[in-house]
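Chains as they are written, first to last, in my numbering: chain D, 1 to 114; chain Z, 115 to 366; chain R, 367 to 456.
Be aware that a few hints might be false.
Claimed, not checked - Within a straight-line C-alpha distance of at most 30 Å, the following computed BS3-like cross-link-like pairs (lysine-lysine) qualify:
(1) Z:229 - Z:286
(2) Z:316 - Z:162
(3) Z:316 - D:54
(4) D:99 - Z:286
(5) Z:162 - D:54
(6) Z:229 - Z:162
(7) Z:281 - D:99
What the hints contain is simulated information worked out from the structure, not anything from laboratory work. It should be emphasised that the depicted structure is a prediction, and the values quoted were computed from it without experimental measurement.
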Amino acid sequence: MAFFPFFVAAWLFVVGLWGVVSSRNLVRTVISLVVVQASSYVLLLGIGYRGGAKAPIVADIPTTSRLVDPVVQVLVLTDIVIEATVAALLLALVVQAHKRFGSVNPDDLRPLRD
Amino acid sequence: MSRPVRLGMFAVAGAGMIVVLLLGFTGLPSFGHAHELYGALVNRTEDKLRHATDIVTALNFDIRAFDTLGEEFILFASVTGVSLLLRQLRGEKEEDQEQEGIEEHAFAGASDGLKLVSLILIPVLVAEGAYLVFHGQLTPGGGFQGGVVLAAGPIAILLAGRYLAMKAVAPKVLLESSDAIGAACYALIGLAGLIFVGTYMKNMMPLGSPGHLLSAGMMPLNSTAVGLEVAGAFLLTWTEFLDQTMIGEPSG
Amino acid sequence: MTVLQLIALVAVMVGGTAVVLVPEPLRQAMVLGIFGFALTFLFFVFQAPDVALSEIVVSGVGIPVIVLAALRKIRQQEHEHEREEQEDGQ
Chain D
1 MAFFPFFVAA WLFVVGLWGV VSSRNLVRTV ISLVVVQASS YVLLLGIGYR GGAKAPIVAD
61 IPTTSRLVDP VVQVLVLTDI VIEATVAALL LALVVQAHKR FGSVNPDDLR PLRD
Chain Z
115 MSRPVRLGMF AVAGAGMIVV LLLGFTGLPS FGHAHELYGA LVNRTEDKLR HATDIVTALN
175 FDIRAFDTLG EEFILFASVT GVSLLLRQLR GEKEEDQEQE GIEEHAFAGA SDGLKLVSLI
235 LIPVLVAEGA YLVFHGQLTP GGGFQGGVVL AAGPIAILLA GRYLAMKAVA PKVLLESSDA
295 IGAACYALIG LAGLIFVGTY MKNMMPLGSP GHLLSAGMMP LNSTAVGLEV AGAFLLTWTE
355 FLDQTMIGEP SG
Chain R
367 MTVLQLIALV AVMVGGTAVV LVPEPLRQAM VLGIFGFALT FLFFVFQAPD VALSEIVVSG
427 VGIPVIVLAA LRKIRQQEHE HEREEQEDGQ
């Protein structure tokens, strides 16, 4: 039970990867990539948690109380905003690929064969 | 490789990976017993050193400000990539399209209830975004969160079905300059640290007292610069994508 | 680990599996919004309010708008391709 968050992170990672590998539509690939990134957030926050501790905001509690680790929160916070923009870049590539090849099926995108 | 071969390989590799991941994760300290030293040190000493009450924002914009510089330039580069890819696509069609007829047909079914709710949402979102950006060093907030909420304000106009009104409120020139000015200001504020104190990104402004709005030195300035940049970047991405679909053939 | 954290973890696990298993991209965008909401609840219960703020806006508004706009553009391009093929065939 003490390792349940890490199990959830591993499960999300493998499920997201399966979505990436087995999708027939490139838009589904990008959405499954979002799930893979979510697994890294769960893992990072699970590592930084201290039992019974409070959020790292010392506006109204004394500075010496138990607080969770703030460094991993910084990593996850900026990563969430960047993930959305990278997903937008990938979707712009998908739209361009569809215009050029006429299909969003990854098995049809084989320019070297023509 | 063909699809069945790909799936077969993934079945084997995925099973192996989940076993290896679980074995590795059981070597971590169990959930709730984090062994961090750097985080505990920052928690104890940050209030006296930086006079900011939100430790996560202090780490983001002051103690580890250099990492945030790198992250915001990743954001800038991806938005540039999206603009490059989609504008080339749009330039081929823009000569022979008319924009007048779009407002009437493109958004079938924006009912009056939706319009009313969007009208209420717009000032709430903009005010909340500005509040989050400026109060980042006191309560949960900061440039990244506030910037995204600020960008969601004009999207509520789109929700009411008035896409051209949204483009009038947030034209491309304004979004691009907001994005670029935010990114440049963040780098230049660090340069002021280099000029006056000798270390890039050192907090050299007066620290004030914790709990007041103008406290923690250069943190509000950094937060505002990042908020401008994130808001401009998100709105630019959305506008580029939506321009593709709204300015084009009416597809019903 | 408290009961709320357990519920949040189970919700995230089920939500992530649901996002991958839904067959159409249009519905996947909606389920992604719900998955983001479950993630926000998880971050909140893990004592990380800054992260929760970031996640709720990005996954509620940010990504679904982009996905829906891309899907609509792809459908418009398909109509154009069909029309061009009809004109070439005539």
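For the pair supplied as a hint, residue 316 of chain Z and residue 162 of chain Z, confirm whether the alpha-carbon distance does not exceed 30 Å.
Holds, at about 16 Å.
Is residue 229 of chain Z close enough to residue 286 of chain Z, meaning Cα to Cα at most 30 Å?
OK: residue 229 of chain Z and residue 286 of chain Z at ~24 Å, within 30 Å.
Is the Cα-Cα distance between residue 99 of chain D and residue 286 of chain Z 30 Å or less?
This hinted pair holds, its Cα atoms lying about 24 Å apart.
Regarding the pair residue 162 of chain Z and residue 54 of chain D, is the alpha-carbon distance no greater than 30 Å?
holds (19 Å)
Holds or violated: residue 281 of chain Z with residue 99 of chain D, Cα cutoff 30 Å?
holds (26 Å)
With a cut-off of 30 Å on the C-alpha distance, tell me whether residue 316 of chain Z and residue 54 of chain D pass.
holds (29 Å)
Would the hint linking residue 229 of chain Z and residue 162 of chain Z be met if the CA-CA limit is 30 Å?
violated (49 Å)
The earlier numbered hint that this structure contradicts is number 6, and it is the only one.
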